[in-house]
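Asks: Residue strings, one per chain:
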Amino acid sequence: MPRPLAALATLGIFAVLAAGCTGGSPASSSGSGTTTLRLALSADPSPLDPDTYYEAEGLQITTATYQGLLTYEPSSPKITGLLATSWSVSPDGKTYRFVLRSGVKFNDGTPFDAAAMKASFERRTALKGGPSYMLAAVASTEAPDATTFVVHLKQPVVPFLDYLASPYGPVAVNPTAVAAHATGGDHGAGWLATHSGGTGPYVLSDVVKTTKYELTANPNYWGTKPYYSTVDFSVIPDFSSQSLELRGGQLDMVLHGLDTRDYTSLAANPVLQVQNFPTLFKVQVWVNPASRVFGAIPVRQALRDSLDTKTLTSDVYGNRASASTQFYPVGMLPDGAVADTWSPSPDALKTAVEADKGRDVVVGYYGDNSLKQLANTLQVSLQQAGLSATVRSYNPSQVFALPTTPAQRPDLLLAAMNPDAVHIDTWMSVYQEAQAPVNFLGCSAPAGDALATRAAATADPQQSLDLYEQAARAYQSSLCWINIADLNDTIAASSKLTGWQHLLPWIFTVDLATLRPKG
Amino acid sequence: MISFISRRIAGAGAVCLGLTVVLFILQHMSAVDPVRILVGPSAPQSVVEEARHRLGYDQPLVVQWFHYLQGLVTGNLQTSLRTQRPVTTDLGQYLPASIELALFAIVIATVLALTLGLLTAARKKGSGLFSGGLLALSSAPTFLLALLAVLLFYSTLHWLPATGRISVDNPPTGPTGLLTVDGLLHGRLDATVDAVRHLILPATCLAMLPAVAVGRVLRSSLTTAMGSEYVRTARAKGMSNSRILFRHGLRNSAVTPLSMAGLQLGTLFAGLVIVETVFAWPGIGLYLDQSIPTADFPAIAGTTLLLGVGYVLANTAVDIIQTVLDPRIVR
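Taken in order, these protein sequences are the chains called A and B.
Every position in the first sequence, counted from 1, becomes a number in my numbering once 965 is added.
Every position in the second sequence, counted from 1, becomes a number in my numbering once 952 is added.
Don't read these hints as lab results, they were simulated from the structure.
Warning: the hint list may mix true and false statements.
[To be verified] Below 25 Å or equal to it, Euclidean Cα-Cα: the simulated SDA-like pairs (lysine to any residue) are:
1. A:K1174 / B:P1093
2. A:K1337 / B:L1096
3. A:K1093 / B:P1093
4. A:K1190 / A:S1067
5. A:K1275 / A:G1213
6. A:K1275 / A:T1290
7. A:K1043 / A:P1426
8. B:K1076 / B:Q997
9. A:K1177 / B:N1122
10. A:K1177 / B:S1172
11. B:K1189 / B:T1175
12. A:K1337 / B:D1241
13. A:K1483 / A:F1473
14. A:K1337 / B:L1099
15. A:K1174 / B:T1031
16. A:K1190 / A:G1155
17. A:K1059 / B:P996
18. A:K1322 / A:Q1338
19. A:K1461 / A:S1067
20. A:K1177 / B:T1175
21. A:K1174 / B:I1244
22. A:K1337 / B:P1093
23. A:K1174 / B:Q997
24. A:K1177 / B:R1140
25. A:K1337 / B:T1094
26. A:K1119 / B:T1094
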């Protein structure tokens, strides 16, 4: 009698576990002899064709496989040559002449020249992807010889050089590979979704969707060969799992997604390190001008004054961010040109919203747990001021629909945004102008818009900068945006890694080619 | 029986049609803009509108629905906005991983449910502890259970891997897409063993809730059956308790737990999204999880339809098994 039951019970309890008790341990960490670097992606990136790719997850792959004419110096707003060694701009700001680097080859050995760059510009325009706006003003291009590339613009585009240095800017795409793999007039987009045809230090060598992406060192790379011959990306959506695998030695790096406590704990681990790099990210409170409470400028002023950004930043982000002191991200305007500091006055808001006591307000947030924490803190402040505040989260498809769905807009929105390049126009024209595509809550300053438009059309750099500064002050005085913090790109990694380099507009990305083991 | 099956298949078709209607209405009501996500947040409005026109999102909802149905009939579930590949291609790639996970979860759930039902119905020593433990585990939210499992079996004990389907180099590809089976077919025992090791944690987490639900119904049915007259007669004839339990009790108690098992498939499908996300399991749950934030409607609709069809078909199979066990049901 007991035998069948006992057998079944034993099976039920132990069958689940028995197969697993065969040992097995986390893989050994890299940086100790092996030349494979193991990273994680939190989601499958969209197709990795650099002429349509336009998101953060996977930027690490496109920046390692493709290169443009220009780039930024590490952690600096200064533009420097990459595939171009020098360049000049005509006095009217409409013609750009680039001298190209000699001896550069695409990853399949095809020589890179001006004709390839011309074809790359044309491809980007023809594909009409999101980043194609950077070339919208291009009238024509020329390749008079192998190392000279000329761009003619329809009108001056003040941030044009920054567009070329942007991580989403135009890059050299191998026209031979494009022609060989083009099907149905797709300009090779189908093939380039899972392969690469660039001049960067790595080649996208293997893609198993939702599972892994593999980079191998480009055998024809013109620059210093990277130390790591292979970089494996596993798709691990859950950040807790990423963190555990980093601790267990199965990953060498976690590119983003952890919260401050995780980073603090990882930094305290002797076999791990946490690196912080400055970025263009601003954590801001966006104000809905149609809000019954925050529509009035004095109330916005009171809201701003009530925020102690130093304490908020320190509590929520630790050393992952610093309290904002400039109205725009680093490098966009000279330091101090549009300073953005104030003395916190905790009771200011209570007095300002006295007439709206008990009124419902919605605090939205778009982003990770840190923004949620900020939203919750703001909710408490609003409650203490006598308002009835609720918090609502927005996912990407909801938040980017806000400009066209005013009824869905919260009273206040917390978001961390970054522009495509270091130039101030890439911030104003995307986030602040009245018709800007990512002006979430529709708040703007007409005076700022007029000045920004004039600045963008002014070829003289100094005059343009002066106009941008005036526009910046107009936007600042509108109090449509209240800055909280400047966010770093925080990366947790094996302590054995060194050679870190990072560019200001990069997110969740480091220079893989300069990484190497310590010692 | 043929008429019964025909009715069920017709019902499945109606469910699918209803699902497409619900999906389109929900998409229309939700304030999301998938096209903006597709082309990038900073893209100018002209680029967005051109993409909207190209994708047909500027057409009336009824027209969009009609086009979708037209495609559905020919097996075209449109192109994913996120991956830029046909949804059928994506589903074809991710489905085997989910099928393998779901099958393992069903096996584990069956073993646990039978153990729970039989032990508690027979009031064996320790059965309270077993059922209490199982109940406690099933009461935990799936994501928490998954994280605890990873912490214990990966991080602390180093027994099992935390993420992915397989760790061995050059894993077998095809013909089934089920790595455990393909490993055997290719003579790669190492791949099969490794695939099983990767399956244990996610499949167990997925199985816990259905196992307890079915096990408790089985216990109740068994308790009723064991008090019936034919069991008394069997005892009077000197038949052993275990023989009565397995030969008479279990068969006569199977109908209700089977119904519950069919219903629990819905729980299992819902759990796929969470479990596949935590364990980085490259299946349709993860595909759905990554498609929702970007409002990738073709991917969401395709996955939902697939799960809906799977649910209806599985319950049809359950109904047929029930009619075999108890032919009175068909009437």
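Asks: Of the hints given before, which are not true for this structure?
Replies: Going through the list in order, the structure violates hints 1, 3, 5, 8, 10, 16, 19, 20, 23, 26 and respects the others.
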